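Undergrad: These are the residues of each chain, in order.
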Amino acid sequence: MNTPQPRTQFALQSRILHWLMAVMILAMLFIGVTMVASLGDYHVLLAIHRPLGILILILTAIRFINRICTKLPPFPPTMSRQERFLASSSEKLLYALMFAQPLVGWSMLSAGHYPIVMFGPVHLPPILPAIPTLYSVLRKAHTIFAYLLFLTFLAHLSAVLFHTLIIRDRLLDRMALWPTRSPKNKSQS
Amino acid sequence: MNQTKSDQLLQMPRGQLTRTSLITRFTVIAIVIAGIAGLFAYAGGWLTPHALKPASIINTFQKVNGLHPGFRRNHAKGVCVSGYFESNGRAVTLSKASVFSPGRVPIIGRFSLAGGHPDAADAPRTIRGMAILFKLSDGEEWRTAMTNIPVFTAKSAQVLPDGIAPSDDPILSTRSAAYSVSFTRREGELKEPSAISTAETEK
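Line by line, the protein sequences give chains A and B. Here the first sequence is numbered in this note's numbering, starting from 28 and rising by one per residue. Here the second sequence is numbered in this note's numbering, starting from 6 and rising by one per residue.
Just so you know, the hints here were simulated from the structure itself, not pulled from any lab data. These numbers were taken from a predicted model, which means no experiment stands behind them. Glycine included, C-beta positions come from ideal geometry on N, C-alpha and C.
Chain A is nowhere near these chain B residues, computed Cβ spacing over 12 Å in every case:
no.: 1; residue: 68
no.: 2; residue: 114
no.: 3; residue: 116
no.: 4; residue: 156
Capping the alpha-carbon separation at 30 Å, the derived lysine-lysine pairs in DSS-like fashion look like this:
no.: 5; chain 1: B; residue 1: 68; chain 2: B; residue 2: 160
no.: 6; chain 1: A; residue 1: 167; chain 2: B; residue 2: 58
no.: 7; chain 1: B; residue 1: 68; chain 2: A; residue 2: 167
no.: 8; chain 1: B; residue 1: 101; chain 2: B; residue 2: 140
no.: 9; chain 1: B; residue 1: 58; chain 2: B; residue 2: 68
no.: 10; chain 1: B; residue 1: 101; chain 2: B; residue 2: 160
no.: 11; chain 1: B; residue 1: 140; chain 2: B; residue 2: 58
no.: 12; chain 1: B; residue 1: 140; chain 2: A; residue 2: 167
no.: 13; chain 1: A; residue 1: 119; chain 2: A; residue 2: 98
Pulled from the structure, derived: some chain B residues nowhere near chain A, Cβ distances all over 12 Å:
no.: 14; residue: 66
no.: 15; residue: 81
no.: 16; residue: 88
no.: 17; residue: 99
no.: 18; residue: 100
no.: 19; residue: 101
no.: 20; residue: 107
no.: 21; residue: 125
no.: 22; residue: 131
no.: 23; residue: 137
no.: 24; residue: 152
no.: 25; residue: 160
no.: 26; residue: 167
My request is simple: use the sequences and hints to build the entire structure.
TA: Set out below in structure tokens:
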């Protein structure tokens, strides 16, 4: 073979983190958008939204450290230079939003002088002084970031589906939770 | 990765997909993406613009009372207070809520006039509001708001926006009366709201 065996898949812990967080973040976006339009279920949904957001923040931090410490599988050769640039940029944007969104939520509740309830008597301390005008700015930012996160997710999903169903370069195999055959076998067949 | 190899691969024909297969695959992608986006839009209420949302109630208040930057959309005029709630402990048989156990709970509150005008006159007939935030010892807050009407004229949130009418605007007052009458008729259960308020005040 040519160079020393490159990775064909992301590290196992990276793949687990990816799918776990994908489910959590998508659920979070749906909870968020549902609760602000809901009269009856607002408080129940908010009670889930807060601790889930903090959990996502913690997982994002773990995932970011893992991202720095692990080697990535190379991009498939079917990805052009522009595509690789777009993929890397959207990854950076997703990380930025995964950090920013829970932090903005936490800051927003702090600025609005709300208790930051996790569960029962477990509360988080405020991370900003109580300033109502700051609350209104952060509240808007929380909405804008949520839409941006949802759109980035849709773009990410579209790109993966396009590669998997149209180009059929087995791009999705890199992130599959189960072991997959190496792309070399495929080029033979 | 060597550039030439990737270039070759890029120029490769896209496999042996037939035209039909290609169209099917693109359709599948479109359905998945549109489906998720559609569900998101539905969850956010964009596909049901006439369903009642918190924003529609607030928007109705703003439409009726006009925009007064820096003020609440309803109960715009008010005065804030701070103090404490002293519980004698006699309500513990009725509720396990910690505010009712004997002792003092610090509060902040606000007395207000109903309606969206920050400069409304303190007319005796105008509905009064009292909002209290109890700061419980475990960091929890109990936020409550009450008005001095014996019954609330809207039996559900669904009918609330129809009943919102300016209470103190001379130009809109005739329309306001019409609003109230048609509103309570529709409800079919209550007398005209101002009649209730008057009865209450005269007691």
